[in-house]
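Chemist: Per my numbering: the sequence shown = residues 1 to 274.
Worth flagging that the hints you see were computed from the coordinates, not collected in a lab.
Just so you know, not all the hints are guaranteed correct.
In silico lysine-lysine, DSSO-like type, Cα no more than 30 Å apart, as pairs [as the list claims (entries may be wrong)]:
| # | residue 1 | residue 2 |
| --- | --- | --- |
| 1 | Lys134 | Lys96 |
| 2 | Lys195 | Lys244 |
| 3 | Lys100 | Lys138 |
| 4 | Lys147 | Lys134 |
| 5 | Lys134 | Lys148 |
| 6 | Lys157 | Lys134 |
| 7 | Lys187 | Lys229 |
| 8 | Lys147 | Lys229 |
| 9 | Lys148 | Lys138 |
| 10 | Lys157 | Lys245 |
| 11 | Lys195 | Lys100 |
| 12 | Lys206 | Lys228 |
| 13 | Lys70 | Lys157 |
| 14 | Lys252 | Lys147 |
| 15 | Lys138 | Lys125 |
| 16 | Lys138 | Lys96 |
| 17 | Lys245 | Lys195 |
| 18 | Lys147 | Lys96 |
| 19 | Lys148 | Lys88 |
| 20 | Lys187 | Lys228 |
Using C-beta positions, here's what the derived DEER-type ranges look like [what the hints assert, rightly or not]:
| # | residue 1 | residue 2 | range |
| --- | --- | --- | --- |
| 21 | Ile268 | Lys96 | 18 to 28 Å |
| 22 | Asp199 | Arg37 | 21 to 31 Å |
| 23 | Asp199 | Ser129 | 20 to 30 Å |
| 24 | Ser203 | Pro26 | 17 to 27 Å |
The C-beta atom is built at its ideal place from N, Cα and C for all residues, glycine as well.
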Amino acid sequence: LEQINQIIGELCKDTSKFVNNGTVHPTSSRTLNFLRRLRDYEDAVGMLCYRASDESKSNALSDSDMLEEKKYRFSLIRKVVEILDGLKVYLETLAKGAAKTSAALGWLFLINNYHYIYEGISTDKFLSSMLGEKELHKRRDYFLQAKKIYVDTVTHKMLQALDNTPSMRIEVNSKNETTHKGKNLLKETMSLINKWVADVHASQRKLAVPDPDLRIELRLRIRERISKKYERLFTAMDSVKLSKKNKEKYIKYNPERLATIISQFYEISESSLE
Numbered sequence: 001l002e003q004i005n006q007i008i009g010e011l012c013k014d015t016s017k018f019v020n021n022g023t024v025h026p027t028s029s030r031t032l033n034f035l036r037r038l039r040d041y042e043d044a045v046g047m048l049c050y051r052a053s054d055e056s057k058s059n060a061l062s063d064s065d066m067l068e069e070k071k072y073r074f075s076l077i078r079k080v081v082e083i084l085d086g087l088k089v090y091l092e093t094l095a096k097g098a099a100k101t102s103a104a105l106g107w108l109f110l111i112n113n114y115h116y117i118y119e120g121i122s123t124d125k126f127l128s129s130m131l132g133e134k135e136l137h138k139r140r141d142y143f144l145q146a147k148k149i150y151v152d153t154v155t156h157k158m159l160q161a162l163d164n165t166p167s168m169r170i171e172v173n174s175k176n177e178t179t180h181k182g183k184n185l186l187k188e189t190m191s192l193i194n195k196w197v198a199d200v201h202a203s204q205r206k207l208a209v210p211d212p213d214l215r216i217e218l219r220l221r222i223r224e225r226i227s228k229k230y231e232r233l234f235t236a237m238d239s240v241k242l243s244k245k246n247k248e249k250y251i252k253y254n255p256e257r258l259a260t261i262i263s264q265f266y267e268i269s270e271s272s273l274e
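Assemble the whole structure, with the sequences as input and the hints as a guide.
Modeler: Following this line, the structure appears as structure tokens:
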């Protein structure tokens, strides 16, 4: 059992620095590979875990009606959950460090790792049957929560600009010409939006999402979150009488161009496959 604990301790040693593009950390893959190998030693490891446990403090383990095999399996399940919980704490520590540079990077890192862990467990017959639906749902919820917060984080500034500047506030005079106040509001709004597009495009295209289906889903969620509001604002802006020079300066992205830019997020993952 000492050797097993040593192996477990090595799993979460920081032998590799945080990957700056947010991809799956080597510790996640090492941990899943270790757990999969327990299949071949299930009874022996379960027995060792059971013997090392304090039966008097566990009603489940002290049940005299429980067969030895069930006791061993229960002890093994507890050890596997302990390992997975320890991995989660380790990944969150790394994500907090990454968030000092970029909050979105920290959450994307957790998305990639939580997704990798959940998929690895749920598609493995040994691990999924041993852990059961409740534990699988818990791991899936970690992933879903991180995904929601990531999308919120990435789109926050864009939505803030869109929500705080309804098209109705773009003032025009009797000749349908934009007033001075309206022009200033237009410039301010579009400057914020243009900056968001440029900054987010530059940062997100350098980040990795190894799973192709997850890549598509994240792009779609970000696009859906902002597209309708942006399309309404773009239509309103496009109808305002502005000089060609000002339109080119402040209205840089039509909805189609914006969708193309979002489709380039995480493109480092695709270029690495070429």
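Chemist: All hints are to be evaluated individually against the structure, with a verdict given for each.
Modeler: Each hint, compared with the structure:
A distance of roughly 27 Å separates the Cα atoms of Lys134 and Lys96; the hinted pair therefore holds under the 30 Å criterion. Proposed proximity of Lys195 and Lys244 is supported: the alpha carbons are some 20 Å apart, at most 30 Å. In summary, the hint linking Lys100 to Lys138 is supported, as the alpha carbons are separated by about 27 Å, within the 30 Å threshold. Our distance criterion of 30 Å between C-alpha atoms is met by Lys147 and Lys134, whose separation comes to about 20 Å.
The suggested pairing of Lys134 with Lys148 holds, with an alpha-carbon distance near 21 Å, which does not exceed 30 Å. The straight-line distance between the Cα atoms of Lys157 and Lys134 is roughly 36 Å, outside the 30 Å bound, and the hint therefore fails. Note on Lys187 and Lys229: the hinted pairing holds, with a Cα-Cα distance of about 17 Å set against a maximum of 30 Å. As the CA atoms of Lys147 and Lys229 are separated by approximately 21 Å, the hinted pair is consistent with the 30 Å bound.
Restraint check for Lys148 and Lys138: the C-alpha separation of about 16 Å stays at or below 30 Å, so the hint holds. Between Lys157 and Lys245 the CA atoms are separated by roughly 26 Å; this keeps the pair inside 30 Å, and the hint holds. Between Lys195 and Lys100, the direct Cα distance comes to roughly 21 Å. Compliance with the 30 Å bound is thereby established for this hinted pair. For the hint pairing Lys206 with Lys228, the CA-to-CA distance comes to about 26 Å; that is within 30 Å, so the pair holds.
Between the alpha carbons of Lys70 and Lys157 the distance comes to roughly 53 Å, so the proposed pair goes past 30 Å and is violated. As the CA atoms of Lys252 and Lys147 are separated by approximately 29 Å, the hinted pair is consistent with the 30 Å bound. A distance of roughly 18 Å separates the Cα atoms of Lys138 and Lys125; the hinted pair therefore holds under the 30 Å criterion. Among the hinted pairs, Lys138 with Lys96 is consistent with the structure: their alpha-carbon atoms are about 21 Å apart, no more than 30 Å.
Using a Cα cut-off of 30 Å, the hinted pair Lys245 and Lys195 holds, with the two alpha carbons roughly 18 Å apart. Restraint check for Lys147 and Lys96: satisfied, since their Cα atoms lie roughly 16 Å apart, inside the 30 Å limit. The suggested pairing of Lys148 with Lys88 holds, with an alpha-carbon distance near 18 Å, which does not exceed 30 Å. Between Lys187 and Lys228 the CA atoms are separated by roughly 20 Å; this keeps the pair inside 30 Å, and the hint holds.
Ile268 and Lys96 have their C-beta atoms about 23 Å apart, which keeps the hinted 18 to 28 Å range intact. Between Asp199 and Arg37, the C-beta spacing of about 44 Å breaks the proposed range 21 to 31 Å. Distance hint check for Asp199 and Ser129: the Cβ-Cβ separation is about 46 Å, which falls outside the suggested range of 20 to 30 Å. Hint check: Ser203 to Pro26, Cβ distance near 23 Å, so the stated range 17 to 27 Å holds.
In this structure, the earlier hints numbered 6, 13, 22 and 23 are contradicted, and the remaining ones agree with it.
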